Every structure is written in structure tokens, then in C-alpha cells.
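Novice: Single-letter residue listing:
There are 2 protein chains.
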Amino acid sequence: VAAFSATAVGSIPPILPGDDLARVIVAAAGPERLRSGPVIAIAHTAVSKAEGALVELSQVSPGERALELAEAQGRDARLLQVILDEASEVLRSERGVLITRTTHGFVCANSGVDASNSTDRDTVVLLPRRPDESARRIRAGIARLVGGERAPAVLITDSFGRAWRHGQVDVAIGLAGMGALDDWRGRTDANGMPLLATWIAVADAAAAAADLARSKDSGEPVVLLDGLERFQSAQDGPGAAELLRAIEEDLFR
Amino acid sequence: VAAFSATAVGSIPPILPGDDLARVIVAAAGPERLRSGPVIAIAHTAVSKAEGALVELSQVSPGERALELAEAQGRDARLLQVILDEASEVLRSERGVLITRTTHGFVCANSGVDASNSTDRDTVVLLPRRPDESARRIRAGIARLVGGERAPAVLITDSFGRAWRHGQVDVAIGLAGMGALDDWRGRTDANGMPLLATWIAVADAAAAAADLARSKDSGEPVVLLDGLERFQSAQDGPGAAELLRAIEEDLFR
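In order, the protein sequences belong to chains Y and H. Under the working numbering, the first residue of the first sequence carries the number 1, and numbering increases by one thereafter. Under the working numbering, the first residue of the second sequence carries the number 1001, and numbering increases by one thereafter.
No wet-lab data here; the hints were simulated from the structure. As the structure is a computational prediction, the values presented were derived from the model and not from experiment. Backbone N, C-alpha and C define an ideal beta-carbon position, used for all residues, glycine too. Take every hint as true, because none was put in to throw you off.
Computed Cβ-Cβ distance ranges for the label pairs, DEER-style:
| no. | chain 1 | residue 1 | chain 2 | residue 2 | range |
| --- | --- | --- | --- | --- | --- |
| 1 | Y | 52 | H | 1090 | 43 to 49 Å |
| 2 | H | 1249 | Y | 3 | 34 to 40 Å |
| 3 | Y | 105 | H | 1090 | 24 to 30 Å |
| 4 | Y | 199 | H | 1247 | 26 to 32 Å |
Build out the structure end to end from the sequences listed, making use of the hints.
Specialist: Take a look at the structure:
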């Protein structure tokens, strides 16, 4: 019988640019708790703020396209300029939202630019510039501080909408020390029957699960996940980039 | 500090048409364990088998369209006929997979028809005919058998692919006793800033989390989820149907 659990880490202070997130997490969770090597799920806004991936709207001069979109959508043209700057491609523009492919390759609403969860109304939060690198750096920082038999894994998350379903679920945007996909293709089920298309996005499932352990207004960006040892590795691994479909495999082009 | 956990229920016997799934689950998990009112996540194949939502391929006569698709995709024309019978619309046909909208309104690969996880190579497993009704019936059956302060919730799951990301994650296809969506739109975050687009598909997150508590070859269709009380209700509620975007809201038409 397998078991899995997710526990929010309380008392994470507000994160400011330049903060050492590894140190903040170790202080809040305690080194003993981290020495057992859980997966540490971190809401991306904490990572972005620590890295200074922020834009002050008062400093943005919207261009022609942003002004047109702002007119059509009844939104702030400066915010739309930031969203366009973060996009490699605009897939859809309707119902007050832009669906874009970000410069990282993520397909999501508004290039992942977050106008809420900020500390003032002028500042918007971007996605981390290189989230897999952020995960690796935070992982190394935590491992250095806590020691232990096995370095914890680090999973950076964001909430994404879905094409045909209401609501958002958290997904993995950065990852170190855990495989993003669990590949059962070619293996057999309990009856010896082939598992035809079983390729599980375990990092996305872990991100979704982490979000169930916190309340959205609680200021709890960090959640510890236990019971995922079978997907964890000593190596950092290829990260969450592995989850992205190549553009030519996109079913909707 | 919030916490969430998922524990697979061992020793569920192979399910056969006509089995009383409520009775099977109570016998395997024990009535005491269920009396606390967890969310009971059940892989849809167990529900479909109990309800006899199965097709024997040897009894299927493929029509013209199924024969054409079988030729193009190098697949069994009888299986393609079953997939077409379960579909209200074929969205894409490529790379050996049909993406369809099922008669229930789910968008998924191959209309959710499962050629693995069956007990023999001739039988394929369909989605339950009315998964929200199945969830309500199983919930009522379990509540009758165990009593307790609060009836457990029932969540029926399947593994779906995603438009722009590799791999599958489990989602909710049937639900009773739990809200599918947690709506924070219009509320504020820890800093008093508005949460602009925070509408969380908690039933899908719970489905994804449940899958992390089992191994795909373990024959463990049932997983108990604790810590979701804030989303549970005495009423059955509107079910997983609430998660489906209306066709006219589909961003990809």
C-alpha cells in the first residue's frame, strides 16, 4: 500500500528581490525536516520575487499592438505590453485573456504574468527567467545547508488553465532531482496486458497535489511532498522542460 | 498549516460486471476507516467493469469511417468503431490517436476507450455511461454500509492527455459530495490584492494526487484522500460535469 502526503510550510516571510530562497525555506521548515529528502514544491511567485523577475508598470511604454489589444479587451495597455514581451507567440486573444506561448515554451494565459500576488498595484510578477535552473540552484543551496542522505527535490509551480476544462490546476514549470514523466509505455498491467499509453506527468500531478495543501490566501508558497521517492534522483535530471510538447507536435496548430 | 494525504487501498479484488462496488470498497478499506469521511478516488475502469460498460471487439462490425481510419492509422477497425460510437465529435486524427469529444462532453484520446487494463484482449473498457450518477450511487451505497458522521465523497478518475504538455494526468470524470471548483475570483490575497483569475479545479487536482499514491501495475483502483474537508459537502452537488467547458467556450474551435 502506497501513500503520499503534502504539508504546507507555515511562516514563510514575504519574499523580496535578492532573498536567498534556500535559506528562507530551511529556516521555515527546519533542517531536520528537509534532511529526509522530500520534494519541495514552491509557488513560482516566491522564486520570481527572489530573483527580481518583476516589472513596474509605470516604467512600461506600450507599443501599437499592446494599445490595440488593450482597446479590444478593455485592459491596461502596459500590462499587455509586458505579456507580449514575455510571449514568443499569441495563440488566442479573446474573452479578456491572451493565450500565449511564452519565451520558455509554456502555453498559458497572459504569458504567466501575475498581476495579483504582488506587493503593490504597480508591480507585476513574471515567470522565473529559467525555472529549471532556478530549481537546480535552490536545490543545491538547500542541500548545502541541511546535508542529509539525499538532497530534497525542488519543484516550481504555477496555475495553468486547460483547453477544454474549467478552472486551473498547478503544473510544474521548474524541476530538479525528480523525473517529470513516469514512463510505463511498453510495460504490462496487473493482468499482464500491455499498458498502451501510460506516460504519467508525475511532476504536474505533484504540483496539483501541493496546491491542495494550502489555502490561496494563506501566504504559504512552500509545500513539502513525501512519498515520491520512486520518482526522485540524486541527479538534477532534465527538469520540467521535458514536459513541453515540441511546437510541431502541438495538436492545435 | 494545512496537510493533505492520499493512501491506496490494498486488496481490491478484480471487479466483474454486476459487482457492488460500494460493498467491495467497504470490505477492502474497512468501515471504520471510511467513517471519518475521506474522499474516495476510484479509477474509472473499476466503475465501468462493475457497471458492465464493456464491449467485446469480436461483436463489433466496423463501418466505412472506422475502416478508413483503421487503414490510415494502422489500428484495429473494430476498436475505432467503438471509439467513434463513444464520440459526439472527432477533433483530431493523427499520430495513431483520435482526439474526440465524448458523448458525455469530455475531450480526450480515443473517447476514453481503454484497451489495456482489461481482463482479456477482446474486451475493451468504456467510460461509465453517467459517471456523476455512478459517483452518487456509490457514495450512497457506502454511506448506507458505514454510517458515520459525514458520508465520504466519491471521485471517479481517468488519465487524460493535455494539449501542450507531454504525459497524462488523472482528472475527475465523476464526483459526488465534493465541489469540483474552488472559486476565489473576486477575493483577495494575503496582501489584500485582488486574486484575478483564481478558480481552482480541486477535483482534478485531487484526481492527479490520488494517482501519486498508487503504482500503475499494482491493481489499486481505490485511493483515500484526507484533508479535503473544506471542499466536501453533505449534498452530492453538481458533480464533475461542472468542469466541462461549453462547446462555445472552447478556445480551439
